[in-house]
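Enquirer: Chain residues, written in single-letter form:
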Amino acid sequence: QKEVEQNSGPLSVPEGAIASLNCTYSDRGSQSFFWYRQYSGKSPELIMFIYSNGDKEDGRFTAQLNKASQYVSLLIRDSQPSDSATYLCAVNFAGGTSYGKLTFGQGTILTVHP
Amino acid sequence: EAQVTQNPRYLITVTGKKLTVTCSQNMNHEYMSWYRQDPGLGLRQIYYSMNVEVTDKGDVPEGYKVSRKEKRNFPLILESPSPNQTSLYFCASSLRSAGNTIYFGEGSWLTVV
Chain B
1 QKEVEQNSGP LSVPEGAIAS LNCTYSDRGS QSFFWYRQYS GKSPELIMFI YSNGDKEDGR
61 FTAQLNKASQ YVSLLIRDSQ PSDSATYLCA VNFAGGTSYG KLTFGQGTIL TVHP
Chain S
1001 EAQVTQNPRY LITVTGKKLT VTCSQNMNHE YMSWYRQDPG LGLRQIYYSM NVEVTDKGDV
1061 PEGYKVSRKE KRNFPLILES PSPNQTSLYF CASSLRSAGN TIYFGEGSWL TVV
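Residue numbers (the working numbering), protein chains in the order written: chain B, 1 to 114; chain S, 1001 to 1113.
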């Protein structure tokens, strides 16, 4: 079974700080990596996706991918109380019968306190 | 407005009574999928479909059926629901595959008693 692992938290950071969320995956053949944010009782919403090694920045969010070490991370700069949510890492294990599968980690609960 | 629509949003049913959760998308997406979400287990994929008449099992398909007769619709069928299928269900779609951005429906809360 291909796996995606996240620290479930909760991760608590003060307002204005950098929140760092991490995710590891088991299959070296993984192609696409996604970060979703989910507020309680709501559906997941896409924050960022990354396909290539390195960093990808979008506003206050930076996704980092290291395929050799098989981890992907999400940095949230200048964290705000509205960022408090569960963050889900998702990995597409491409190739063969896995092409249509998207596997999620358990999610990390982030709390940003004023 | 681009959206994925699920119905019903909330349902309480009894063990063994067949039910169908409908899912429809208006984005002409080829790929559709169903997930269930349970506390501590995250989102787990039930079934997915790469296109009309093409479906495949996800990680937790037992007790579920799906069909894809039209591009826009992907219903989830519970032939004989059991209490362990009590969960929050999400339908999702994307342009071509799980490697593209996936859009989720609002979720369906299902309780089986």
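Hints in this document: simulated from the structure, not taken from any laboratory. Some hints here could point you the wrong way.
Within a straight-line C-alpha distance of at most 27 Å, the following computed BS3-like cross-link-like pairs (lysine-lysine) qualify [unchecked claim]:
1) K56/B x K42/B
2) K1018/S x K1069/S
3) K101/B x K56/B
4) K67/B x K101/B
5) K67/B x K56/B
6) K42/B x K1057/S
7) K1018/S x K67/B
8) K1018/S x K42/B
9) K101/B x K42/B
10) K1071/S x K1018/S
11) K101/B x K1057/S
12) K1057/S x K1017/S
13) K1069/S x K1017/S
14) K101/B x K1065/S
15) K101/B x K1071/S
16) K1071/S x K67/B
17) K1057/S x K1018/S
18) K1017/S x K1065/S
19) K1057/S x K1069/S
20) K1018/S x K1065/S
21) K1057/S x K1071/S
22) K101/B x K1069/S
Owing to the predicted nature of the structure, the values given are computational and were not obtained by experimental measurement.
Enquirer: What hint numbers does the structure not satisfy?
Expert: 7 and 16
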